[in-house]
Structure formats: C-alpha cells, structure tokens
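Colleague: Given next are the chains, with one letter for each unit.
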Amino acid sequence: MKTAISYPTVGAMGKTGTWRVFRPSLDREKCIKCWRCWIFCPDSAISRDEYPVIDYEYCKGCGVCANECPVNAIEMGREEK
Amino acid sequence: MVSFRGEIVAIKDLPLDEYVLKGHAACPGCPITIALRIALKALGKKTILVIPACCTAVIEALYPKTAFNVPILNIAFEASAAGASGVASALKMLQQKDITPVVWAGDGGSYDIGLQALSGALERGTNFIYVCYNNQMYSNTGIQRSGATPYGAWTTTTWTGKKERQKELAEIVMAHHIPYIATATIAYPEDLFNKMKKAKEIKGSRYIEILAPCPPGWRFDMSKTVEMSKLAVETGAWVLYEVVNGKMEFNGYSKRILEGKERKPVEEWLKMQGRFRHLKEEELAKIKEMLDEKWKEYKKLYSSETSPDK
Ligand SMILES: Cc1ncc(C[n+]2csc(CCOP(=O)(O)OP(=O)(O)O)c2C)c(N)n1
Ligand code: SF4
Ligand code: SF4
Ligand code: SF4
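Listed in order, the protein sequences are those of chains E and S.
Residue numbers for the first sequence follow my numbering, so the first one is 963 and each next one is one higher.
Residue numbers for the second sequence follow my numbering, so the first one is 53 and each next one is one higher.
Bear in mind the hints are in silico, worked out from the structure with no lab data behind them.
Treat the hints with care, as some may be off.
Derived EDC-like pairs: lysine to aspartate or glutamate, alpha-carbon spacing no greater than 16 Å straight-line [claimed, not checked]:
#1 E:992 with E:1037
#2 S:255 with S:175
#3 S:64 with E:1012
#4 S:64 with E:1011
#5 E:995 with S:65
#6 S:149 with S:253
This structure is a prediction, so every number in the text was calculated from the model and none was measured.
Using the sequences and the hints, build the whole thing.
Modeller: Below, the structure written as structure tokens:
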C-alpha cells in the first residue's frame, strides 16, 4: 500500500487573490510600523520590509489588516474588475 | 522589547518564520490561520501536527499539496489525542527529544467526539501539546452546535438559540493534574506566543485553548475577527489564564478585571454577532447572570491564589 503524502506548496489552493472583492492599500506616510497588519493577516499575505508589503496574488481582501491598523494607514477600496 | 524572562512583549519581536503558506483554503478573515501562524512561530519547524477532521484539515489544501510547512498527520475526527500518543511513543523510541507532537483540533473534536481520547492521553501523561481552537461550533460541516456553543447562540441545529450552557473543557482538563494549561485568543498575539513557547519547554501533557471567532459561523463581518476576540476578553465572555503545576494565574486584561477594572457590558460583544440577533430580554438577562456567577468563581480563585498566607 502506498501512503499519500502532500508537500508544502505556496498557492496550494491557487492564487487566492482572485477571491478578493475589496483591495487593501497602504499609505506609507501614515504607517508607524507597529506590524499589527502583519501578525493578524490570516493569509500570510503581508510581509515585513521597510514597510509592510501586501502580496495581492494571495490577499483575499478580508480587511482585518485595515481594521486592526491603529492609524488607519490601510484603506479598503472596491477591486476594479 | 524582550522582557527579562525571555518573554516577547511586542509584536515586532515575533519571529519572521512563516509556516502557514500563502494560498491556503481558509475563508477570508479566518481566525484559525491567525492562531496557527502565531503558534507555529513559537513552536518552530521541529513540530509534528496531528489534525483531525475540522476546518484546519480543509485549510491545509488538497493532495498532493499542503499549505502548512511542517509535517502533519491527518486522522479521524475522534482520534487526534490517540494518534498523537502514537507519535509521542514513536519519537521516544527514536530518541527524538526535540520534536514536539502537537494536536490542533476544533472544539467539536475536543469537547465532544475527541474527549475520551483526550482524557486518556492526559491521564497517561502523554508527552504532547493539545491545542483546541475554539470557534464554539462545528464550522467545517456548516455551523452545528457543539458542547462549546454558548447559551442562546444560533447554529443550524439550535435555530432558536441554544438552550443549554456551554461546558468548560479547560476545567475538565484541570482535573487531570497535567503540568501546563492555558487559555488564549488571537487578539493578544504576544500572550499566545509566550504560552506556546512555555508549553514547548515543559515535559508531559500540555493543553492550550484558543478562542477563535469565526465570521461565517458567528455572523459578523470578516474584517472584525480580531476585534471580536478582543471584545470577548474585555467583556469577560472569554478569560485568559495559565495553570502551571496546579497553580492558577490570570493574565492580561482578565487579570485587570479581577484587580478591579470594570468588565465591558457583554451586550457590546453579543450585538456584533448575528448568531445572537434573536435574543429575548430574559435570555440576555440569563447570559449576564451566568457570566456574573462565573466571574464570582474566578474572583474566588484569584483571591485564594494571591492571598499572602499561600
Ligand atoms: C466520526 C465522524 N463524524 C462526523 C464527521 C464529519 N465532520 C467532519 S469535520 C466535523 C466538524 C468539526 O468541528 P470542530 O471540531 O469544531 O472543528 P471546526 O470545523 O469548527 O474547525 C464533522 C462533524 C467525521 N468526519 N467523522
Ligand atoms: S485584506 Fe486580509 S488577506 Fe489581504 S492583506 Fe489584509 S489581512 Fe491579509
Ligand atoms: S498596522 Fe498600520 S501602522 Fe501598523 S504596520 Fe500595518 S500599516 Fe503600518
Ligand atoms: S468556517 Fe470559520 S473557522 Fe472555518 S475556515 Fe471559515 S472562517 Fe475559518
């Protein structure tokens, strides 16, 4: 009998950014680099560089980052189709 | 900032390592992946997850791919603690002391169908960590009631509101005299991280329960997952504590409540959730009464643990 083994893959369910209806955008001027958006993103779609970087290929547009930002540096806008 | 006990006290100091990969199957705004990201940052790559049937088993994605970058044993709904016991024994035989077997199960798999296996594993002192992420229902199969669903809450099997009170699994676990028990929730990532880290350093059975507010199940907007978690603690609907070798200590905002800070009215938490929309006045009164009673119990425990003659 063969055991079924799965291997770790980025995008295992495809490019989940296509699920997005609302798009977060970051205003760097406002950002105080508290990294709340980074730690709370359910999709690991925010990484830490000099400023937060949002990966739109995978961001599902939940808005948790915008809701948790203490200085409203992230705004949600309707995704253009 | 890192405190003198090696505890992390600021979000920016949490490790960058990412074990929950982008492109998984969770709903937008899912609490489970927030919790798992933080937990695995603390546990590290030398972790074997044991995951029963639950949302997490779906989030993982489909064969031949997985979205989690640690080994996983997927197992039947009722069997996670038994499966983890097997993993723990194998690791012992192979003398792999630095690998931690960690069950990651929902409240349905823990409070209900997996309780017998869990109790057995705890009684045997199995060397593992059991994590119950508690979203207060069976969400994977479309929102049915569980033993953790609170009184009054709508689910598809309690469509006029649940008539029974939820049980307290952490308190059942306490009766097993294991070395480490903790409650946590996603709104306090440093607290969750530190508790995971602490659990990892301890030998024997360790139990951690994480409140995980689920947007589709609780009926709230997907951007409010963390806010809902924080409000649960501030209103006392959820409590943060640790029990180390039988000694109980309340943490964070919950401790402040016991020191005299006012609990926010629980309505603030309830009214944000569609699952409580139908509540009648007498049901709300009952919820408040049960909560007051629970906090009287906590107060008693708190006073006995902090009294000077102890
Ligand atoms: C023995 C058995 N009964 C029923 C099921 C169907 N089932 C799969 S997941 C699930 C609910 C899981 O609920 P919970 O443990 O709370 O995790 P969540 O879905 O909330 O993440 C059920 C009933 C099953 N897989 N096995
Ligand atoms: S909208 Fe949601 S998925 Fe997208 S970056 Fe923000 S938190 Fe992550
Ligand atoms: S939460 Fe807001 S302020 Fe904090 S790092 Fe993210 S964008 Fe910047
Ligand atoms: S139903 Fe809830 S817990 Fe399950 S994947 Fe969706 S948001 Fe997460």
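Colleague: Take the hints in turn and mark each one as holding or not.
Modeller: Results of checking the hints against the structure:
1. For the hint pairing residue 992 of chain E with residue 1037 of chain E, the CA-to-CA distance comes to about 11 Å; that is within 16 Å, so the pair holds.
2. Under the criterion of a C-alpha separation no larger than 16 Å, the hint pairing residue 255 of chain S with residue 175 of chain S is consistent with the structure, at around 14 Å.
3. For the proposed pair residue 64 of chain S and residue 1012 of chain E, the alpha carbon gap of about 12 Å is at most 16 Å, so the pair holds.
4. For the hint linking residue 64 of chain S to residue 1011 of chain E, the alpha-carbon distance of about 12 Å falls within 16 Å, and the restraint holds.
5. Between residue 995 of chain E and residue 65 of chain S the alpha-carbon distance is near 12 Å, which keeps this suggested pair within the 16 Å criterion.
6. Between residue 149 of chain S and residue 253 of chain S the CA atoms are separated by roughly 11 Å; this keeps the pair inside 16 Å, and the hint holds.
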